[in-house]
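Could you put together the complete structure from these sequences and hints?
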Amino acid sequence: MKNTIDIDIRIDPARVDPKVIIETNRMTPDIDKIMHAIENSVDSGFPMITAYDGETIVLLSQREIMRVFIESRKLVIQTDRGCFTARKSLAEIELSLNPNRFLRISRSEIINLNKVASFDFSLSGTIQVHFDDGAFTWVARRYVRSIQQTLGLM
Numbered sequence: 002m003k004n005t006i007d008i009d010i011r012i013d014p015a016r017v018d019p020k021v022i023i024e025t026n027r028m029t030p031d032i033d034k035i036m037h038a039i040e041n042s043v044d045s046g047f048p049m050i051t052a053y054d055g056e057t058i059v060l061l062s063q064r065e066i067m068r069v070f071i072e073s074r075k076l077v078i079q080t081d082r083g084c085f086t087a088r089k090s091l092a093e094i095e096l097s098l099n100p101n102r103f104l105r106i107s108r109s110e111i112i113n114l115n116k117v118a119s120f121d122f123s124l125s126g127t128i129q130v131h132f133d134d135g136a137f138t139w140v141a142r143r144y145v146r147s148i149q150q151t152l153g154l155m
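Numbered as in our numbering, the sequence shown ends at 155 without a single skipped number.
Hint data in this document are derived by calculation from the structure and do not stem from the laboratory. Even for Gly, the Cβ is constructed at its ideal location relative to N, Cα and C. It is possible that part of the hints are untrue.
As the list claims (entries may be wrong) - Derived DSBU-like pairs (lysine-lysine); straight-line CA-CA distance at most 35 Å:
#	residue 1	residue 2
1	20	34
2	20	89
3	75	89
4	75	34
What the hints assert, rightly or not - So the derived label-pair ranges between C-beta atoms look like this:
#	residue 1	residue 2	range
5	118	27	15 to 21 Å
6	72	32	33 to 39 Å
7	124	58	35 to 41 Å
8	72	12	43 to 49 Å
9	151	31	30 to 36 Å
10	38	150	29 to 35 Å
11	54	137	22 to 28 Å
12	25	133	15 to 21 Å
13	49	137	25 to 31 Å
14	124	12	40 to 46 Å
15	5	93	41 to 47 Å
16	56	25	38 to 44 Å
17	81	154	27 to 33 Å
18	151	58	29 to 35 Å
If you want it as structure tokens, here you go:
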């Protein structure tokens, strides 16, 4: 990558939220840094999430969280780095999360839409969520309609 970046800004009165497109021939550490800088500037109003790895406190950026779920009565935060626990309720964590990025899919699980690879609607009445890393989960039946609305399918 050169030391300069070609930046175009297009004003579109019809666009409500800004959209950033990065055109490149391959993913590089510099592109990743640019992406982090843009996301961090936009997500600055949303705090880091405090989690635990055993007794060690870990601060998680909302960008790295794949999903938050309850397992064996413990709150688990799954990231690309692994799973961590939290000492808050799912509702308390949900209040801290960016509502444009995170979506509740059941009474016990919230997912990061930016980590979702696809939604599988092939099974009647339910939705399977596939993540970028190959993991998957299911949307509870009572949340199917709200997921469809969020995805603009209704």
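To test your reading of the hints: which numbers does this structure violate? none
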